[in-house]
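Chemist: Can you make the complete structure from the sequences, with help from the hints?
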Amino acid sequence: MPLTAATRPHTTDLRGARRPAPLGAAEAEVLRLVTDARTPVFVTVRADGRRRYSYWRPLDSGTGRGGCYVALPTAVCDALHAAGRTTLGEPLADPDRITYRVSATRTPAAPLHALPRRARAA
Numbered sequence: 063m064p065l066t067a068a069t070r071p072h073t074t075d076l077r078g079a080r081r082p083a084p085l086g087a088a089e090a091e092v093l094r095l096v097t098d099a100r101t102p103v104f105v106t107v108r109a110d111g112r113r114r115y116s117y118w119r120p121l122d123s124g125t126g127r128g129g130c131y132v133a134l135p136t137a138v139c140d141a142l143h144a145a146g147r148t149t150l151g152e153p154l155a156d157p158d159r160i161t162y163r164v165s166a167t168r169t170p171a172a173p174l175h176a177l178p179r180r181a182r183a184a
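Residue numbers (this note's numbering): 63 to 184.
The hints are simulated quantities; they were obtained by calculation from the structure and are not laboratory data. Owing to the predicted nature of the structure, the values given are computational and were not obtained by experimental measurement. The C-beta atom is built at its ideal place from N, Cα and C for all residues, glycine as well. Treat the hints with care, since some could be wrong.
Quick list of the computed label-pair ranges, beta carbon to beta carbon [unchecked claim]:
#, residue 1, residue 2, range
1, A155, G124, 35 to 45 Å
2, A155, G86, 12 to 22 Å
3, Y131, A99, 17 to 27 Å
4, T125, P153, 32 to 42 Å
5, A88, T167, 13 to 23 Å
6, G126, T101, 26 to 36 Å
7, R94, P157, 14 to 24 Å
8, D156, C130, 19 to 29 Å
9, S123, G86, 31 to 41 Å
Modeler: And the structure:
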């Protein structure tokens with residue numbers, strides 16, 4: 063699966079929009095990390111095709127833990143990317159690897175006709 067930053071067309075007609083599939087615990091945790099602005103998540107693609115999703119965990123002065131890179135499950139991150147839940151930023155190329163910033167995609171709002179009549183009247 064090639065990892066390229068694909069852009070989705072922006073449309074205002076949401077009649078054909080499908081609801082995203084429900085997330086499991088692992089997918090929800092990865093999306094929570096990706097959407098947190100204080101925790102930048104990156105994917106590094108090596109020359110041999112190996113991918114590693116990771117983020118920097120800051121040092122916690124209370125517990126003395128952290129201050130290291132933490133790897134995320136590649137299969138879960140690839141599934142979220144394939145489902146269109148995450149996108150990749152501009153590539154940063156080194157001689158032996160390419161690094162992308164991972165960000166969450168915005169889900170479209172519910173169409174107006176899907177809201178109950180009471181909500182529309184208010």
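Chemist: Looking back at the numbered hints, which does the structure fail to meet, lowest number first?
Modeler: Numbers 2, 6 and 7, in rising order.
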